[in-house]
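Chain A is already provided as a structure; the job is to place chain B on it using the hints.
Listed in order, the protein sequences are those of chains A and B. Residues in the first sequence are numbered from 1 upward in steps of one, following full-length UniProt numbering. Residues in the second sequence are numbered from 1 upward in steps of one, following full-length UniProt numbering.
Keep in mind that the hints were calculated from the coordinates and are not lab data. You can take every hint at face value.
Some chain A residues close to chain B (C-beta under 8 angstroms, calculated; not the full set):
no., residue
1, L212
2, V219
3, I264
4, L300
One-sided and incomplete, this derived list gives chain A residues near chain B with beta-carbon spacing under 7 angstroms:
no., residue
5, V189
6, E228
7, N261
8, I305
C-beta atoms are modelled at their ideal positions from N, C-alpha and C, and glycine is treated no differently.
Protein chains: 2
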Amino acid sequence: MSKLVIVGTVAFDAIETPFGKTDKILGGAATFIGLSASQFNVDSAIVSVVGGDFPQEYLDLLSEKNIDISGIEIIKDGKTFFWSGRYHNDMNSRDTLATELNVLADFNPVVPQDYKDAEIVMLGNLHPIVQSSVLDQMTKKPKLAILDTMNFWMDSALEDLHNVIKRVDVITINDEEARQLTGEYSLVVAARKIHEMGPKYVVIKKGEHGALLFHNDSVFYAPALPLEEVFDPTGAGDTFAGGFAGYLAKTGDVSFENMKNAVIYGSTLASFCVEKFGTERMKNLPKKEVHQRLQQFKDLTQFDIELT
Amino acid sequence: MSKLVIVGTVAFDAIETPFGKTDKILGGAATFIGLSASQFNVDSAIVSVVGGDFPQEYLDLLSEKNIDISGIEIIKDGKTFFWSGRYHNDMNSRDTLATELNVLADFNPVVPQDYKDAEIVMLGNLHPIVQSSVLDQMTKKPKLAILDTMNFWMDSALEDLHNVIKRVDVITINDEEARQLTGEYSLVVAARKIHEMGPKYVVIKKGEHGALLFHNDSVFYAPALPLEEVFDPTGAGDTFAGGFAGYLAKTGDVSFENMKNAVIYGSTLASFCVEKFGTERMKNLPKKEVHQRLQQFKDLTQFDIELT
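With the rest of the complex left out, here is chain A (with noise of 0.2 angstroms):
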């Protein structure tokens, strides 16, 4: 097994779908990382930053996920970022409505002494020089780097972004960001324009048409489970993100075949993450419902052909 760091906010969000809202309620990349790779059990630390505003509660539910919290500061005269969006009836778009980055203006991430040499290192959607700083701690060089970005980054910090791109195994990035990043229309040549950036690995996702991993010339598809209802998306691509780097740090194995697999499991955890408000799904997510669900994956997927 191999230790992971995930660095990220740890946030408050208020959340508007047209099925219901929330007061501020848990959320933050680094908190859906987190949950969602703690479904492995996995030895992982979280670098983020909160306020004095944060309630233990919270504190305490990550802590009883073994997740190792010495690398959050707590900023005790300071209040904890917060982000609040409304989604539109088609739940693939949102209007964000305020951003209120509080303690996260002056982060300065600080990976804990134990974790200076884990061997996955997942870069949650941060400033990129924030990630970049994550990286520059790391004691021996990881035998995985994976970052997530955003759009707001290519707009505000592209040569930072294009900086922390360089370094790192793997990028995970939505496609219409595949698309800004790249100046490309087709996924598969955006995926190429990207590999030449840096990254061996690239997962373009696609919200609910799935996820594509490319590596040179090879691609791997991992389709959304099909559902009735998407209730929030809040944190899909974070979970997403979590369960990839949980599963590789589990098994240990980077190859592109068990990259397929950690794509599944992302895409799995993806799945039910979207089905309530915020972290309320993952914060309980019996390993039992996720095998039956991973049992969906594969008769989604798999078929037997015969060539005729």
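What follows is chain B alone, placed relative to chain A:
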């Protein structure tokens, strides 16, 4: 092996894409379905109508593919159905520039005597009354009746459409059309509603995002092959339907398990269709290339996960 009867347009198309434009070339739903199904060397017949302006060489092309063309009526003093369209840059949407029904306006389909007992009936996109008329002419109930349709008939002949939907076993329809037909955004819910309209099997085509096959509570997902470039999407849906119907006719097995393979074959053949204008790629498609691409589909989707 089962006999396959195909009804649909045999037509002229004129196409504009970002890559170029064509004069009037061979097109039509039945043409694409027939060429695609001919990959399986099944006994098939096309039921359609053309005008005196339709070149003999196009008819010869179909004959050479072992397609019985005795059911293609030639109206000497009439003109062949003509469609012209222009694709937008994303290739996912298009404007219709011209639709000249011509001989199609008074089309009375006549199923050749030898095909009135065909086991598989593929009703390509046409007025639902014409589709129903073909079913009326069958002397025994086909093992499988497959219907393809379009939003056009939902807008202009909804009651007739419902009457033919009731009578078929399989419907192939694209995602937006499934939503329009049912008023449901979720494709899972839409498929269930379409089941209730009659068809035991519902295939929802999602273009570059693949296709879903629904049967009761089971679902199968065939991805589209990620392509560098879609040159011309015209006929891709019909080519999919032709591969689906042709494979089922060849194998004679209309179980859900075998339909999964049929969906994969349909997706595989459609991935060739879009590589060149119109029927160009499908006219001479070596079986060896098809088998190589089927292997790509396997590599694209097959995984061997270990439950941890």
